[in-house]
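Visitor: Residue-level listing of the chains:
There are 2 protein chains.
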Amino acid sequence: MSATTTLKLEQGLDPKNWETLRKLGHRMVDDMFSYLENIGEQPVWQAIPPEVKEAFAEPVPQEPEGANSAYEQFHRNILPYPTGNIHPRFWAWVSGTGSAGGMLAELLSGAMNSSGHGGDHAAVYVERQVISWLKQALGYPAEASGLLVGGGSMANFVGLAVARNTKPGWNVKTEGLANRENPLSVYCSTETHSSVVKAVELLGLGSNGLRQIEVDGNFRIRVDHLRQAVAADRASGKRPICVVGNAGTVNSGAIDDLTALADFCREENLWFHVDGAFGAIPAISPRLRPLLRGMERADSLAFDLHKWMYMPYDVGCALVRFPQHHRDTFAYGAAYLNSQTRGLAGGPEWFSHYGLELSRGFRALKVWFSLKEHGLQTYQALVEQNVAQAQYLGELIAGDRRLELLAPIPLNVVCFRYRGNLEDEATMKQVNQEILLRLQESGVAAPSATVIGERFAIRVANVNHRTRREDFDILVREVLRLGSEISGGH
Amino acid sequence: MSATTTLKLEQGLDPKNWETLRKLGHRMVDDMFSYLENIGEQPVWQAIPPEVKEAFAEPVPQEPEGANSAYEQFHRNILPYPTGNIHPRFWAWVSGTGSAGGMLAELLSGAMNSSGHGGDHAAVYVERQVISWLKQALGYPAEASGLLVGGGSMANFVGLAVARNTKPGWNVKTEGLANRENPLSVYCSTETHSSVVKAVELLGLGSNGLRQIEVDGNFRIRVDHLRQAVAADRASGKRPICVVGNAGTVNSGAIDDLTALADFCREENLWFHVDGAFGAIPAISPRLRPLLRGMERADSLAFDLHKWMYMPYDVGCALVRFPQHHRDTFAYGAAYLNSQTRGLAGGPEWFSHYGLELSRGFRALKVWFSLKEHGLQTYQALVEQNVAQAQYLGELIAGDRRLELLAPIPLNVVCFRYRGNLEDEATMKQVNQEILLRLQESGVAAPSATVIGERFAIRVANVNHRTRREDFDILVREVLRLGSEISGGH
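These protein sequences, in sequence, are chains L and R.
Going letter by letter, the first sequence gives residues 1 to 490 in this note's numbering.
Going letter by letter, the second sequence gives residues 1 to 490 in this note's numbering.
Bear in mind the hints are in silico, worked out from the structure with no lab data behind them.
You may find that some hints are simply not true.
Claimed, not checked - FRET-style restraints, in silico, Cβ to Cβ:
1) L/Arg477 to R/Gly139: 52 to 62 Å
2) R/Gly443 to L/Thr20: 28 to 38 Å
3) L/Arg327 to R/Pro59: 39 to 49 Å
4) R/Arg289 to L/Gln377: 48 to 58 Å
Claimed, not checked - With a straight-line Cα cutoff of 27 Å, these simulated DSSO-like cross-link-like pairs (lysine-lysine) come out:
5) R/Lys23 to L/Lys23
6) R/Lys238 to R/Lys167
7) L/Lys167 to L/Lys53
8) L/Lys167 to R/Lys238
9) L/Lys429 to R/Lys167
10) R/Lys23 to L/Lys238
A virtual CB, placed ideally from N, CA and C, is assigned to each residue, including glycine.
Based on the sequences and whatever the hints tell you, model everything.
Guide: Listed below in structure tokens is the structure:
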């Protein structure tokens, strides 16, 4: 192709008329503010009608439709059908609420479009700053290295990757795991999140290499069983490398005895990783931090900010106590990535030397903006509030003999079910499953489901800054009404 | 803590006065539009002054500072110091430009704050739709599975993880890689991106398990050498599982003979992964697609949308030809993640069964919005334009005997250096490094550096929709001026 002929009509993605697009931006701001301000009056969730689903089957647009048309379609087909986690009565999975300020920060990072891989520009310094803030807020050692990631799954992967490369005693990075007779093993409780299993699988250890230890009545790892398992494995030629402690299990919010695990790991020369996806966050509160004692001794710590710090999706964080371990696992050299002492490629050591990703967005900005806007004190108060609200819900449940609490409430997760006069386990499962679905389908509330000791549980995970006590009053009232209706008055 | 006492003063992150925050949102829209509209008049990059760096050392804010104050600080300390990739004369690394429409889409996804892990809500259908669009646009088989990810590094990791779990002939997911005498080996050229090395290391194969094969004079993998290496490895007890083809090497944009690699992989029963971080994108253009013939036969394909599709950071994509392989690698079951046939947890199979991450943001929205806004035709024209512009720059370089082209220009990457009358390699390196740094420090242009056959190269990677021919005129003029100045007239 000849350059001179082709380049006659150079074009770009910038609008021909900036004013028109700017006007659309203002309309969006108005609409999005109204959306968030009134979200509590909307159904928490609603099914997408078939005609809307059809729109999602349309082929790739060949011709430009324009930003105004795209926005109309968004407004009609997408905006009314959110996940629901922005609503005051959403408590499914552990999905945080986001915030209006966080939304604005997304606009700003979309404008700058900075790359967080490295170099000498603001996004890099902002990320370094918020990682420092998070260490301060959680009481984790200041000398630790850190990295913002997409979420807890990646943060667990980072921690376990460093464990796998640091502990075995040979160069895993270059030599890999084959030709070794002593398979590496990792330990955690049976209540551990699936992302830990996934990380162990992806790292090549095999899920058989993950030993899931029984829990006590409070769903905390049995440290005595852990000790036996490690001893037995060593005796049988396995090579234990790591223990994963839970700071807030996903099922019930249980917190392992992290001090006992830290002691055990020191004695046995094992890596101590803590999965604190949401449950690490209470450490920002002086009142709640004692629950997490021992977490500050972890060799690596994983947690999310889009859960219990209410930041917009997606942002989590991995911290590693000794930066050299962290760096040795991920750093590399490449001609086209040579950093310089001056210019664009100068600046601090690249974040891409501390994680899987090279290209990375400027997700640090929403963290920075949110903490500036609200201050750590506000987050402390809100986390305490969510814990107190969970207690409040627990009291409502305990106070009604038609309801049954299925697990203790150490933090913000409440597992319960409708019993009414039902006796049969199978029927109870059926009835509670139907209660849950109708709660969602009616748009009244969105808890999710789990299984606690083979019992089907309605599960409320409260990482919602919009929730008020009245919302739990409504939940309980509706569960009782639906339970009675579905079970035919039983 | 008693629920009734603590809950007296319930609060949230919603503003006390919505109007104040809404007003700030409007101000931001105006400012960000002005910023983008005039970005070409700003320096492409500028060093952050020491007093601004000091602000990034401040400790975590305890008290709320408010959104207005946070924005003032952003405006003063962050906005003036972007990476630079939004500027018409930024060609460093392979960092795309973003767009004003993409920025607005970030605002919208920040408002909805949807989680892309799974469930029955719009974000899931939008992601399914854009993956379908991308397959259509690139000519990749419609039955393939896909996943949006943070970028090419993760997309390569996904493809190689599926290769590692699919090819060996035992259950790698459960059994892992230990206790196997035949180490797995993966093949690629010496020009392959560092993220492939990193993926191989993280997957437990060890970088020794990655065999980097020599390239020809056009920086394409020597398929004859590959054939010999695989045969020799099989003979010596290794277990070849995968070949990685380059669709656009990062150094020079070279495209491996993908048809030959596809044929070879079929003959040898090897997984064929293609790293097309930026170089897969020209397949959207009927004129350029022939360059990538064979890519459609890849078992897995990795590419970015924040590079040559100009979408805001971060978004890439992994495609896998046979969904079952993809799913078998990442899927899991967990009580709290049971999906339902109705309600919030209904809908199509979860994306978290196809990748490492569970929590995932709504990055599909900016892809959807951008393709609706501009249409595929616009992207085709822009990719062709960037290729033609690279040819134009090549002609400028070839037309001046003081400059030297260091590699062919098959796509959009131009590697060159100033020669003037210099003879000595060490001096040339020094002079060109200084040219590069002064280009950046003066704010005129931002190419980056690489090494081509031990020669230091100024490298221009053009994935910029704001670039015009005149920008390359300016670049060449400045390189000549600086080269003469630095080399003292040589």
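Visitor: Each hint needs a verdict: does it hold in this structure or not?
Guide: Against the structure, the hints:
Checked against the given bound of 52 to 62 Å, the beta carbons of L/Arg477 and R/Gly139, roughly 56 Å apart, stay inside it. Range check, R/Gly443 to L/Thr20: Cβ separation about 30 Å, and the 28 to 38 Å hint holds. Restraint check, L/Arg327 to R/Pro59: a C-beta distance of roughly 25 Å breaks the suggested window 39 to 49 Å. For R/Arg289 paired with L/Gln377, a C-beta distance near 57 Å keeps the hint of 48 to 58 Å intact.
Between R/Lys23 and L/Lys23 the CA atoms are separated by roughly 14 Å; this keeps the pair inside 27 Å, and the hint holds. At roughly 13 Å between alpha-carbon atoms, R/Lys238 and R/Lys167 fall within 27 Å of each other, so this suggested pair holds. Proposed proximity of L/Lys167 and L/Lys53 is contradicted: the alpha carbons are some 50 Å apart, above 27 Å. With a C-alpha separation of about 26 Å, the suggested pair L/Lys167 and R/Lys238 falls inside the 27 Å cut-off, and the hint holds.
Between L/Lys429 and R/Lys167 the CA atoms are separated by roughly 41 Å; this puts the pair beyond 27 Å, and the hint is violated. As the CA atoms of R/Lys23 and L/Lys238 are separated by approximately 62 Å, the hinted pair breaks the 27 Å bound.
Going down the numbered hints, you'll see the structure goes against 3, 7, 9 and 10, while the others check out.
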